[in-house]
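In order, the protein sequence lines correspond to chains B and L. Under the numbering used here, the first residue of the first sequence is numbered 1, with each subsequent residue one higher. Under the numbering used here, the first residue of the second sequence is numbered 316, with each subsequent residue one higher.
I should point out that these hints are in silico values taken from the structure, not numbers from a laboratory. No incorrect hints appear here.
Computed list of chain B residues with no C-beta within reach of chain L, every gap over 12 Å:
# : residue
1 : Met-38
2 : Asp-90
3 : Ile-105
4 : Asn-157
5 : Val-171
6 : Ile-185
7 : Leu-191
8 : Gln-195
9 : Ser-237
When the alpha-carbon atoms are kept at most 35 Å apart in a straight line, the in silico DSBU-like pairs for lysine-lysine are as follows:
#  : chain 1 : residue 1 : chain 2 : residue 2
10 : L       : Lys-464   : B       : Lys-147
11 : L       : Lys-530   : B       : Lys-263
12 : B       : Lys-147   : B       : Lys-84
13 : L       : Lys-464   : L       : Lys-480
14 : L       : Lys-468   : L       : Lys-480
15 : B       : Lys-5     : B       : Lys-263
Virtual Cβ for every residue (Gly too), placed ideally from N, Cα, C.
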Amino acid sequence: MDRVKKLLATPWIWSFVGALLVWVAAIVFTRGYGAGGMLTAGLSLAVFMVIVGIGQMFVITLGPGNVDLSLPANIGLASAVAMKVMGGNDSMIAVGLVAALASGIAIGVANYGLIRLLRIPPIIATLSSSFIILSIDISYGRGLQIKPPPGFASFTNIQIFGLPILAILGVIFALICGIVLQRMIYGRSVLAIGQNMRAARLAGIPVERVRLITYALSGALGGVDGALLAGYFRGASVDIGNEYLLSSIAVVVIGGTSVAGGKANVPGIWGASLFLVLLLTMLNTFGVSAGVRLLLTGLIIVGVITAAGGQQVTR
Amino acid sequence: MTAASLPRAAAPVRLMNLKRLLRTVLPALSLILILLAIAWLNPRAISYFGFNLMLNLAIPIALATLAQMFVITINELDLSIGTFVGFVGCVTATWLREEPLLGIAVLAGGIAVYAGLGALIHLRNLPSIVVTLGMSFVWQGLAILTLPKPGGKAPDWLLTMMGLKPPFVPFPIIAAVLIAVVVHFGLMRSSYGAVLRGAGGNGQAIGRAGWSLLKTKIIMFGLAGVFGVLSGMALIGITTSADANIGNGYTLLSIAGVILGGGEFVGGRVSPIGAVIGALTLALAASPLLTFMHIPPDWQVGANGIILIVVLAARALLGRRGA
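Chain B with its partners taken away, still in its complex shape (with noise of 0.2 Å):
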């Protein structure tokens, strides 16, 4: 009894508790009618939510204002180099994805410029930066839709025993984030610069270090995550990304990671991705217009995060 009521105790719990009544609700209504599609197109879509889900994650945890808006624009330029370097070319793919990387990392290293060099709150310079990115992805797009090798295009669409290969590969990601976060030194540190920066800097964490490298690593899993979506969708374009300023956002914090920083959880995100890809997919079965699909989306979330609560003020 006490280690049911430990586990309902853990922030993240509620997550996947809410991603599976949408999914029992959706099968409800279909009379079980694809319920495994359902669970398998839920965990693809749900994995590109994740990877930049934990970049965003990473970047809020360091506290108040901490937050990259770069993220959707990073994507699409990532998924417009992935596609151009791979050229259609199955013996291109890992180079093709270094490039992704490369272009992720760069953008992360030059936000954290802007916000250390020229002291510009983060908010306003992943957004200015995303302006730049956005640009440059269009001027170096020209709008072209170049196709993924077919290599990797099959490679995103494996299924193990109706698994989604991206999803395996995905939670052994999460994993190892949680480790990373959680039993070493780089992620204690992010959590205490959360905590109090201040106090962080006198126990002599690298905080500048730490903040450089917080940046990089969402800028790369935001080019990953453009690789594998244009390899997904076969096809690069310019708003392939756009979902995923609000979306990044929404998971991070509906998975019980606090705004404030200093408070992370790698579960949450999954589960939060979960429950917000299926609650489209449910949506979408009951076969309701877009107006009402946002507005119920947006009545959840709002729903969610009062039931949830907020965190309590300790400072």
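Since the structure of chain B is already known, use the hints to place chain L on it.
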């Protein structure tokens, strides 16, 4: 301190004051710089007609920026103002024209929801970013339900008002000055305005002094709702018809405008006049300037980003150490 050491100390103080002064006028300075650039590239733009054309969209942007500023004053952030402006636009172009009473009721309801959000955020201690993020979906959904396809038409009185051609000074400039002055006196010069700003600077102290923090949040979010409604109506008065996505860009523009105008995210440090100037700068920088400069369309958005960075970098160089 002895009398002899005083003159020596005075020099750094004077330098500090100069820096502070520069920081205060920086928003205005960047606006003037952009105007000079436009005048140099295309002298004909600096005319009654030119200003009317260039600053047309500045009024709704300025109103949305002020809405955002009220929320930023109390250390919160509103990610839903853009879609709210879009929703107001859709209501204005449909119900407000066909059934004015219903339209007014719906808009008043929107303001009430905003005020309610302030209460909810305070009572449940919720992060405003997430609540308003959720609300942005709600407003967008409602906008699509109100106006599934772009269209509708603004009420005639609104069209007449936004199309005013007063003598000598173009309407957008008069409106901007008027709005800035009204909000400046309300928020910066009134005694309750000081309490409202204090709620952002040190909420605990304001609470201990006996003021209701709940009330300050309700008022500030309510004011954001009021200015969001005004922004949406002004926008439709200019564009004449609406579209559910018409205001989406305003969320980020409004945040940028507040910061460009010298506001800060925390501490209740905002400037209504600065915010209006910031909005004007953004509106000017958004398109006319770039078209005159022959910047290729691909790079127009990017140039916007660069302008933002340059202005903010200039502010950082003037240093916060002195202040």
